[in-house]
Amino acid sequence: MIGHDVDNIAAGGHGPTDPAILYTPELLRSALDERFRIERCERITRTSADAELRGGHASAAIDTLLHAVRVG
1 MIGHDVDNIA AGGHGPTDPA ILYTPELLRS ALDERFRIER CERITRTSAD
51 AELRGGHASA AIDTLLHAVR VG
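Numbering (our numbering), first residue to last: 1 to 72.
These are computed hints drawn from the structure, not numbers from a lab.
It cannot be assumed that every hint is accurate.
[Claimed, not checked] The calculated label-pair distances, taken between Cβ atoms and stated as ranges, are:
{"#": "1", "residue 1": "T47", "residue 2": "G72", "range": "34 to 44 Å"}
{"#": "2", "residue 1": "E26", "residue 2": "R70", "range": "18 to 28 Å"}
{"#": "3", "residue 1": "D18", "residue 2": "T45", "range": "14 to 24 Å"}
{"#": "4", "residue 1": "I44", "residue 2": "T17", "range": "14 to 24 Å"}
Yeah, the Cβ is synthetic: ideal placement off N, Cα and C, and Gly gets one too.
Please work from the sequences and hints to get the whole structure.
Pasting the structure below:
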């Protein structure tokens, strides 16, 4: 799962500005139980090298990335 992080608002990135619909690594971790093994859960920064940000976006985008595997 990947989506805009709440820190994206303060960083000036494009995207939603309502913190209630944005993510944090802590929020996503807390949504999983013992049936899942978290492989990676962190904030990542996308720069203008990212295809979505090409074409005039001056600020990087801060996203939350969660990679989890169901184990049970």
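**Asked** Against the structure shown, which of the earlier numbered hints fail to hold, in ascending order?
**Response** none
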